[in-house]
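Since the structure of chain S is already known, use the hints to place chain D on it.
Number of protein chains: 2
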Amino acid sequence: MGFPDDLNDPQLRGRAVQAARGQTPFDLLITGGIVLDMVTSQFRRADVGVVGPLIASVHEPADDFAATQTLDATGQVIAPGFIDTHMHVESSMVTVADYAEAVVPRGVTTARWDPHELANVAGTAGLDYAVAEAQNVPLRLLPLMPTCVPSAPGYEQSGGDFTPAIVAQWLSRDDIHGAAELMTMQPLLEGDSRVRGIVQAGLDSGKPVCGHARGLVGADLNGFAAAGIETDHELTGAADLLAKLSAGFTIELRGSHPHLLPELAQALVDLGELPQTVTLCTDDVFPDDLLTKGGLDAVIRVLIACGLPTVWAYRAATLNAATRIGRMDLGLVAPGRRADLALLGDLDQVRVETTIIDGQIVAQDGQLCQAPPRAPVPEPLRHSMKIAPVTPEAFEVWARGPNARIATLCKPRFPQWGERILPVRDGRVDLPDDMIRMAIQNRHGAGLPMRVAFLEDWGTWRGAFASSVSHDSHNLTVFGRDPADMAAAADAVRKAGGGLAVASGGAVQAVLPLPIAGLMSTAPLSDLAHDFAALRATLDRLVDWEPPLLVFKALFGASLVCNAGPRLSDLGLVDVFEGILRESCVLEDGLS
Amino acid sequence: MGFPDDLNDPQLRGRAVQAARGQTPFDLLITGGIVLDMVTSQFRRADVGVVGPLIASVHEPADDFAATQTLDATGQVIAPGFIDTHMHVESSMVTVADYAEAVVPRGVTTARWDPHELANVAGTAGLDYAVAEAQNVPLRLLPLMPTCVPSAPGYEQSGGDFTPAIVAQWLSRDDIHGAAELMTMQPLLEGDSRVRGIVQAGLDSGKPVCGHARGLVGADLNGFAAAGIETDHELTGAADLLAKLSAGFTIELRGSHPHLLPELAQALVDLGELPQTVTLCTDDVFPDDLLTKGGLDAVIRVLIACGLPTVWAYRAATLNAATRIGRMDLGLVAPGRRADLALLGDLDQVRVETTIIDGQIVAQDGQLCQAPPRAPVPEPLRHSMKIAPVTPEAFEVWARGPNARIATLCKPRFPQWGERILPVRDGRVDLPDDMIRMAIQNRHGAGLPMRVAFLEDWGTWRGAFASSVSHDSHNLTVFGRDPADMAAAADAVRKAGGGLAVASGGAVQAVLPLPIAGLMSTAPLSDLAHDFAALRATLDRLVDWEPPLLVFKALFGASLVCNAGPRLSDLGLVDVFEGILRESCVLEDGLS
Numbered sequence: 000m001g002f003p004d005d006l007n008d009p010q011l012r013g014r015a016v017q018a019a020r021g022q023t024p025f026d027l028l029i030t031g032g033i034v035l036d037m038v039t040s041q042f043r044r045a046d047v048g049v050v051g052p053l054i055a056s057v058h059e060p061a062d063d064f065a066a067t068q069t070l071d072a073t074g075q076v077i078a079p080g081f082i083d084t085h086m087h088v089e090s091s092m093v094t095v096a097d098y099a100e101a102v103v104p105r106g107v108t109t110a111r112w113d114p115h116e117l118a119n120v121a122g123t124a125g126l127d128y129a130v131a132e133a134q135n136v137p138l139r140l141l142p143l144m145p146t147c148v149p150s151a152p153g154y155e156q157s158g159g160d161f162t163p164a165i166v167a168q169w170l171s172r173d174d175i176h177g178a179a180e181l182m183t184m185q186p187l188l189e190g191d192s193r194v195r196g197i198v199q200a201g202l203d204s205g206k207p208v209c210g211h212a213r214g215l216v217g218a219d220l221n222g223f224a225a226a227g228i229e230t231d232h233e234l235t236g237a238a239d240l241l242a243k244l245s246a247g248f249t250i251e252l253r254g255s256h257p258h259l260l261p262e263l264a265q266a267l268v269d270l271g272e273l274p275q276t277v278t279l280c281t282d283d284v285f286p287d288d289l290l291t292k293g294g295l296d297a298v299i300r301v302l303i304a305c306g307l308p309t310v311w312a313y314r315a316a317t318l319n320a321a322t323r324i325g326r327m328d329l330g331l332v333a334p335g336r337r338a339d340l341a342l343l344g345d346l347d348q349v350r351v352e353t354t355i356i357d358g359q360i361v362a363q364d365g366q367l368c369q370a371p372p373r374a375p376v377p378e379p380l381r382h383s384m385k386i387a388p389v390t391p392e393a394f395e396v397w398a399r400g401p402n403a404r405i406a407t408l409c410k411p412r413f414p415q416w417g418e419r420i421l422p423v424r425d426g427r428v429d430l431p432d433d434m435i436r437m438a439i440q441n442r443h444g445a446g447l448p449m450r451v452a453f454l455e456d457w458g459t460w461r462g463a464f465a466s467s468v469s470h471d472s473h474n475l476t477v478f479g480r481d482p483a484d485m486a487a488a489a490d491a492v493r494k495a496g497g498g499l500a501v502a503s504g505g506a507v508q509a510v511l512p513l514p515i516a517g518l519m520s521t522a523p524l525s526d527l528a529h530d531f532a533a534l535r536a537t538l539d540r541l542v543d544w545e546p547p548l549l550v551f552k553a554l555f556g557a558s559l560v561c562n563a564g565p566r567l568s569d570l571g572l573v574d575v576f577e578g579i580l581r582e583s584c585v586l587e588d589g590l591s
Numbered sequence: 000m001g002f003p004d005d006l007n008d009p010q011l012r013g014r015a016v017q018a019a020r021g022q023t024p025f026d027l028l029i030t031g032g033i034v035l036d037m038v039t040s041q042f043r044r045a046d047v048g049v050v051g052p053l054i055a056s057v058h059e060p061a062d063d064f065a066a067t068q069t070l071d072a073t074g075q076v077i078a079p080g081f082i083d084t085h086m087h088v089e090s091s092m093v094t095v096a097d098y099a100e101a102v103v104p105r106g107v108t109t110a111r112w113d114p115h116e117l118a119n120v121a122g123t124a125g126l127d128y129a130v131a132e133a134q135n136v137p138l139r140l141l142p143l144m145p146t147c148v149p150s151a152p153g154y155e156q157s158g159g160d161f162t163p164a165i166v167a168q169w170l171s172r173d174d175i176h177g178a179a180e181l182m183t184m185q186p187l188l189e190g191d192s193r194v195r196g197i198v199q200a201g202l203d204s205g206k207p208v209c210g211h212a213r214g215l216v217g218a219d220l221n222g223f224a225a226a227g228i229e230t231d232h233e234l235t236g237a238a239d240l241l242a243k244l245s246a247g248f249t250i251e252l253r254g255s256h257p258h259l260l261p262e263l264a265q266a267l268v269d270l271g272e273l274p275q276t277v278t279l280c281t282d283d284v285f286p287d288d289l290l291t292k293g294g295l296d297a298v299i300r301v302l303i304a305c306g307l308p309t310v311w312a313y314r315a316a317t318l319n320a321a322t323r324i325g326r327m328d329l330g331l332v333a334p335g336r337r338a339d340l341a342l343l344g345d346l347d348q349v350r351v352e353t354t355i356i357d358g359q360i361v362a363q364d365g366q367l368c369q370a371p372p373r374a375p376v377p378e379p380l381r382h383s384m385k386i387a388p389v390t391p392e393a394f395e396v397w398a399r400g401p402n403a404r405i406a407t408l409c410k411p412r413f414p415q416w417g418e419r420i421l422p423v424r425d426g427r428v429d430l431p432d433d434m435i436r437m438a439i440q441n442r443h444g445a446g447l448p449m450r451v452a453f454l455e456d457w458g459t460w461r462g463a464f465a466s467s468v469s470h471d472s473h474n475l476t477v478f479g480r481d482p483a484d485m486a487a488a489a490d491a492v493r494k495a496g497g498g499l500a501v502a503s504g505g506a507v508q509a510v511l512p513l514p515i516a517g518l519m520s521t522a523p524l525s526d527l528a529h530d531f532a533a534l535r536a537t538l539d540r541l542v543d544w545e546p547p548l549l550v551f552k553a554l555f556g557a558s559l560v561c562n563a564g565p566r567l568s569d570l571g572l573v574d575v576f577e578g579i580l581r582e583s584c585v586l587e588d589g590l591s
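Chains as they are written, first to last, in numbering that gives the first Met the number 0: chain S, 0 to 591; chain D, 0 to 591.
Keep in mind the hints are simulated off the structure, nothing from the lab.
It cannot be assumed that every hint is accurate.
[Stated by the list, open to error] Example chain D residues on the side facing chain S (calculated, C-beta under 10 Å, incomplete):
no., residue
1, T39
2, G190
3, R195
4, Q199
5, G205
6, D219
7, G222
8, A224
9, A226
10, G271
11, G335
[To be verified] Estimated spans, in silico, between C-beta atoms of each pair:
no., chain 1, residue 1, chain 2, residue 2, range
12, D, P9, S, P388, 45 to 53 Å
13, S, D127, D, D71, 53 to 61 Å
14, S, G153, D, P9, 18 to 26 Å
15, D, T291, S, R172, 51 to 59 Å
16, D, S171, S, D160, 35 to 43 Å
17, D, S171, S, A304, 49 to 57 Å
18, D, G31, S, P261, 31 to 39 Å
19, S, V376, D, P9, 52 to 60 Å
20, S, Q348, D, S171, 45 to 53 Å
21, S, P261, D, Q41, 18 to 26 Å
Given the structure is predicted, the values throughout are model-derived calculations rather than measurements.
We put the CB at the ideal spot given by N, CA and C, even for glycine.
Just chain S, same shape as in the assembly (with noise of 0.2 Å):
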């Protein structure tokens, strides 16, 4: 426990305990409100006396108290500023100044950051650009040291290799607030060295262990909870919920899959009261989703419609958050925490008009006091698509005729092999009418051919689709029938350094240029999120699936190998629970 080393000057602690009985100014007084106390879940009408970063005071409304400078919060509920406990700002496309000039305005005031996808791409130049970036913002961004780069080591490559002696020397630093995510279960459980040396990493530097348990029930649930993970957020539904808690996970209920909220709202409902290891996190939101719902403000507010009490989804985001990543300076409104506040106009709504952080007001009105420095993007993540030309050619799974049986992938999201014998027409297997192509190459200098798979349960495809986003290696990935389509995206998304295109005719119809590393866009927030849901809205024209929002999110995860069942990576087809790893998805061919 303890507080950060900023709290603990004595001039400081010294000018509070004076402020709070009357004999010093307060830095600032906000006047007129009515706090919301996480712990008792009461509200009552206090007076907040602000010294430096500290709350100093907490007070009955009273006329004897000065000032140096009054904010008038009549009407107004404060409440501690949000905690988002799990969050990668690469999913929203922006820069790390967008993403708070998003969030901060909403009373996001700290967010648990894990930059996986750039350190996916640029290894540990990746990480350098992520912890400067978060030290030039007005939110407290708290990078994470990524523990799966790549994801699934053996079944991929990525931009990055981090061995354990890499995560240990990272988690020994002061501006790396604990491991993140990890995803290799499968490896983990296995006794796998390299991952089991990670873990040891994260074990040994006595920060959280953060982990993402998908799918894990009984023996394997309790195998990963055994090994020291301390969190997940991967919830599939009330049960897995339930036995997350009592495995002693703390859970990072998720905005980011909202389908889930309303089961996953009545089952803490049911156990009637919430429990203290419940925070929020956003995960990953999408531009146009950041720009008109907003950060972890919109996982509060979506809980709030779900059914959650109010009291609790503020908990949730707030002391609970803070007591489980370990910052007992954050989630209270109270003397001796940290000043981190969010003034609400409406608390069911989560409207915030005052943003409050280290003391300072940072946000009014829905907007940034002060615009935050655009430092110049580095080299290595400005040229991240190392790879040549993309011709129709590299689409065609070869084999020898007249017939070949093919391996499938079916089902988005949760997949599952398939076979189909086929024919073969000019030594190219031949797409049957109910299925898709996607394809994946390795953009990080590997120097590897582009892998081919047929996909099925896809929907009805008139186009292609190519992106240099694709977790977890963010290889450039294309989905479509005709190669020629499919090349025309591809090749855009090279050409624009990485990023997003839709092809149909043979041509290109959006671009959407994502030039940092391949994830993230340079261009503000407001067109970026224009010009996303432009490109999508463009996709939906060209392909007919159920429902939309969910299957363009897959193709964003469909390479997610680290996950049970088979996928495509840059080496082939792979199954990692399985230990299935096939360059090519032609199992047999010249059959008759």
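Relative to chain S, chain D alone:
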């Protein structure tokens, strides 16, 4: 956060993962029990598999797990071991070994010990003894660094003098787990440099800084929190509880003031939820209570009887406590946590059948499995009564006649100043019929004379009581009317090398030797408890007071000069809050 080092052994974690997955046997498998989940408040049938000091698995009963040792817990509830967040072993007047023998079979597995009394008698030699003894018992005793040695510098003298530098030096040790209750409230609020330096040493250590916020309200309570103090156990009622919860204090609800518990329990019930900042502590337990009622188990039992929901009482004693003392290894029956367990035959009666610490069965059926070693008591602690033989003259108040104006102390526990004009005979001030004498002499080698005060509202005395246990400086303290009785009792304590004594008719009626620092007995608890109760009964026959127990307890606390109001110390009559120190109670003499 993070786990303690012993749980970060990679072989241990690896074996735990394998055992959880059925690939290697557990060291211990507890079958047939019902697990009490402190996160969800739910009970469920589950077997608990233990590997070394770790819980490896909590799973549905199944036959397919092997184990080296099996424990049948059919019909029992498996709860986390109980955590006492604030206590003084010395208050039970027993050795650490006897304390462990008393409480471990009752389910107490961890206790945060402030060896404040040993330190105030024997300085750092007292700490050395405490830390060494703590390591010799099958109980996780976590010594804290006493912060108030003495507790009112300048107003009393004890056997130690802990400057900020000494506090900082000890806090840097791995076997010192935080800064213990800071009782010097007023000096801290007034900016006293010594007290601020001690708090600073606590903050700088990054370890918890505990408090004692007796009677603090409003601006002073805000100031105490703003100074960085985290905890309080000095509650005076429901309003005080709520104010301190709202001010962010971790509450250590204590059993030593049971008359308050019904009101405090009701206040929590009225909140509708148990705040996660509520923990339980014993603080001070008399020997006979320790023997017959127990330690922290008694606090749980009383709170349940007071109407606190059963699961809340357990959660306060386990998960809440673990979180607030920064021990994520404790407080849960969950995989990856430490196997500190209490197996209960009756939940509401807190009847513990088996206690497990670090995965070892340490107590069953009310007995430790192995008696802890009794190390010899170091020499400095055996010769703590550094005073000459006491004579009746020492208890006189000397003045010039015919009358003198005397400052008196009114009301036990919440003392106030009084004043009387009294006749003087042969140079001695006449003690009025409605008053008694209180006298204190430094026993730590300061060579000071006996200080004498006249007390009002302390009942009717026909004898005297002397004690070397007298908070917080533990100087020789004597109560009575007749100087001959007082001298007899005081000298009996001196001759015993410290202890308690009762005298009447000029003769000693009962003596309880406490030869370890004048605080603790070398006798077994059962003998000590009997003798203690007998001595109290002897005193009860000589004194008419209401209610007996609380006033007897008030004798030990009458000299607690760090609290508000006038008190007697070895330096004279003092009032720390008002800055008063008078060597004599004679305000004016030679009056006509």
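Tested hints:
For the restraint placing T39(D) at the interface with chain S, the shortest Cβ-Cβ distance is roughly 5 Å, inside the 10 Å limit, so the hint holds. Against a cut-off of 10 Å between C-beta atoms, the interface hint on G190(D) holds, since the closest Cβ of chain S lies about 6 Å away. Interface restraint check for R195(D): the shortest CB-CB distance to chain S comes to about 6 Å, inside 10 Å, so the restraint holds. Given hint, Q199(D) at the interface with chain S, holds; its Cβ is 5 Å from that chain's nearest Cβ, closer than 10 Å.
For G205(D), the interface hint holds, since its Cβ comes within 10 Å of a Cβ in chain S; the closest pair sits about 4 Å apart. The interface hint given for D219(D) is met, as the beta carbon of that residue sits about 7 Å from the closest beta carbon of chain S, less than 10 Å. For the restraint placing G222(D) at the interface with chain S, the shortest Cβ-Cβ distance is roughly 4 Å, inside the 10 Å limit, so the hint holds. For A224(D), the interface hint holds, the least distance from its beta-carbon to any beta-carbon of chain S being 4 Å, beneath 10 Å.
For A226(D), the shortest C-beta to C-beta distance to chain S is roughly 5 Å, which falls under 10 Å, so the interface hint holds. A cut of 10 Å between beta carbons decides the hint on G271(D): the least distance to chain S is about 7 Å, and the hint holds. Of the supplied interface hints, the one on G335(D) holds, with its beta-carbon coming within about 4 Å of a beta-carbon of chain S, less than 10 Å. For the pair P9(D) and P388(S), the supplied restraint of 45 to 53 Å holds, since their beta-carbon distance comes to about 48 Å.
Restraint check, D127(S) to D71(D): a C-beta distance of roughly 57 Å satisfies the suggested window 53 to 61 Å. Taking the beta carbon of each, G153(S) and P9(D) are about 21 Å apart, inside 18 to 26 Å as hinted. As the Cβ distance of T291(D) to R172(S) is approximately 54 Å, the hint placing it in 51 to 59 Å holds. Between S171(D) and D160(S), the C-beta spacing of about 38 Å keeps the proposed range 35 to 43 Å intact.
For the pair S171(D) and A304(S), the beta carbons lie near 50 Å from each other, so the given range of 49 to 57 Å is met. One distance hint, 31 to 39 Å for the beta-carbon pair G31(D) and P261(S), holds here, with the actual separation near 37 Å. At about 39 Å, the CB distance of V376(S) to P9(D) disagrees with the hint of 52 to 60 Å. One distance hint, 45 to 53 Å for the beta-carbon pair Q348(S) and S171(D), holds here, with the actual separation near 49 Å.
Distance hint for P261(S) and Q41(D): a CB-CB separation of about 21 Å, consistent with the stated range 18 to 26 Å.
Checked against the numbered hints given earlier, this structure breaks only hint 19.
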